[in-house]
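> Going line by line, the protein sequences match chains R and P.
The C-terminal position of the first sequence is numbered 324 in the numbering used here, with every residue numbered one higher than the one before it.
The C-terminal position of the second sequence is numbered 1030 in the numbering used here, with every residue numbered one higher than the one before it.
Derived by calculation from the structure, the hints in this document are not laboratory data.
Hints may contain errors.
Estimated spans, in silico, between C-beta atoms of each pair [as the list claims (entries may be wrong)]: (1) P:E841 with R:P227: 35 to 41 angstroms; (2) P:G1000 with R:F113: 15 to 21 angstroms; (3) P:D868 with R:A256: 18 to 24 angstroms; (4) R:E145 with P:Q912: 49 to 55 angstroms; (5) R:K147 with P:S947: 48 to 54 angstroms; (6) P:Q912 with R:P227: 16 to 22 angstroms; (7) R:P227 with P:P813: 56 to 62 angstroms; (8) R:A244 with P:P871: 24 to 30 angstroms; (9) P:A972 with R:Y321: 44 to 50 angstroms; (10) R:D186 with P:R956: 35 to 41 angstroms; (11) P:W850 with R:P248: 36 to 42 angstroms; (12) R:E145 with P:P1010: 29 to 35 angstroms; (13) P:A972 with R:A305: 49 to 55 angstroms; (14) P:M870 with R:I164: 18 to 24 angstroms.
For glycine and all other residues, C-beta sits at the position ideal for the given N, C-alpha and C.
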Amino acid sequence: PRYKLTYFNFAGMAERIRLAFKIGGIEFEDERIDHSAWLELKPKTPHGQIPVLSVDGKIQVAQSGAILRYVGRLANMYPIDAEKALEIDEAIGLLEDLWRSIDPSFTIEDAPQKLGHDTDPPEQERIALQARMRANLTANDVPRFLGYFEAKLAKTETGFLCGDAPTIADCDLFATLRTFKCDLLEGVPSSVVDSQPQLAAFYSRIMDIPAVRAYYGGK
Amino acid sequence: TMQRILPKFKLTYFNFPGRGEKVRIAFKMAGIEFEDERIEFSQWPEMKAKSPFAQVPLLTIDGMPPVAQSAAILRYVGRLGNLYPSDPEKALQVDEIVGLEEDFFQARSLPFFIGRNPRAYGHPADIPNQDIQAIQANLRSTLVAEDIPRFLGYFEAKLAQSERPAFIVGDTPTVADCALLASLRAVKTGTSPGVPPTLVDAHPRLAAYYARVMELPVIRAYYA
């Protein structure tokens, strides 16, 4: 079947899926759309969200976690064994919690009223609020969650999060780490990863996978 | 017949539905025994300090170090209890509903989360209580007018894909039903403050689905 993943032209929630396709060696069309294309596509999606996965030209499903697991099953990166999958699902869930703690710092910029703020605080105020929220995340939530993975990697002897080969948990962790490493999250410095030896080594290890290195073009 | 001998399970969560309920429902649907440990808020700070990730729910399997994350535990119980297909295409549909329900839960719970940790949402840490309540009331009226009907509409549309839907995905119960039931119950039983229970009734297939699932013997017994 022909797979197409549709998302914006940035990492976001789709990156872990792209990595699963790449590491799993499954061909897919990595469709990246801009804002105006999104506005046109949105009413045709199941829930007004992307990423969506199309199979043989037809949109099948939304929900990045569902798509990630589907690709994982096809790519042998999400085992059937209940105990092994539990470990992977726990890791993925923790990363989703981390992103949920980061999300309000995005919403404060483009839709502050959703968080109970006045609809139109002046730009300066939004930026100041965002900076404060990001500083708080850098001091608290980010090191706390990354610390869990630093500890987990220290315990495994294989260099991967769950078992002796990459799984979708590794795709998810790598995608998250890359956001910080590439300074893609304003106000959260790459030192949050560089200061953690296991995470830094994990990052290099995944980057050294040929399909991953090729995907990022050595960047 | 060979029966898999199951370990002893203990689910630890607060004494309300929240994120734990879908797991409780899954254990019941699967017919798997478990200790339904419910803790008081006063017990939480001490437990939190000893828990692996400062969160509940937690699943303890045969006294081993506990596992966190409600959706992980849900899928695990589903795998043991034949509520989670291994076929990738079927599982994809189940996972989509599980993810959507999680989004629904998050959206409904936002006013509560803002009240619990205003600073995380850009409000002053010392924001007066009456300001928080005004914010929550405002957000809740938007939830009732827009977001909740929107999510319910997605589930209604899913049921409409089949002429005589038995469960939310396919002909047999899955963890998607466990998750959806938990959310529908939260709305129907008024667990979400300011949210009228009647919102589900505006969606006929969903209302019928709810009634059907609540009539399953294990579910009826659980909520008796």
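> Against this structure, judge whether each hint is valid.
Hint by hint, here is what the structure shows:
At about 54 angstroms, the beta-carbon gap between E841 of chain P and P227 of chain R misses the expected band of 35 to 41 angstroms. Between G1000 of chain P and F113 of chain R the beta carbon distance is about 34 angstroms. The supplied range of 15 to 21 angstroms is therefore violated. D868 of chain P and A256 of chain R have their C-beta atoms about 23 angstroms apart, which keeps the hinted 18 to 24 angstroms range intact. A beta carbon spacing of about 27 angstroms between E145 of chain R and Q912 of chain P contradicts the range 49 to 55 angstroms that was offered as a hint.
In this structure, K147 of chain R and S947 of chain P break the distance hint of 48 to 54 angstroms, their C-beta atoms being roughly 25 angstroms apart. Roughly 29 angstroms separates the CB atoms of Q912 of chain P and P227 of chain R, a value that falls outside the hinted 16 to 22 angstroms. A hinted range of 56 to 62 angstroms for the beta carbons of P227 of chain R and P813 of chain P is consistent with their spacing of about 58 angstroms. A244 of chain R and P871 of chain P have their C-beta atoms about 28 angstroms apart, which keeps the hinted 24 to 30 angstroms range intact.
Under the hint 44 to 50 angstroms, the C-beta atoms of A972 of chain P and Y321 of chain R, about 46 angstroms apart, fit the expected range. At roughly 37 angstroms, the beta-carbon separation of D186 of chain R and R956 of chain P lies within the given 35 to 41 angstroms, and the hint holds. Evaluation of the 36 to 42 angstroms hint for W850 of chain P and P248 of chain R yields a failure: the beta carbon distance comes to about 22 angstroms. The hinted window of 29 to 35 angstroms between E145 of chain R and P1010 of chain P holds, with their beta carbons roughly 31 angstroms apart.
A hinted range of 49 to 55 angstroms holds for the C-beta pair A972 of chain P and A305 of chain R, which are about 50 angstroms apart. At about 41 angstroms, the beta-carbon gap between M870 of chain P and I164 of chain R misses the expected band of 18 to 24 angstroms.
Hint check: violations occur at hints 1, 2, 4, 5, 6, 11, 14; the rest are consistent with the structure.
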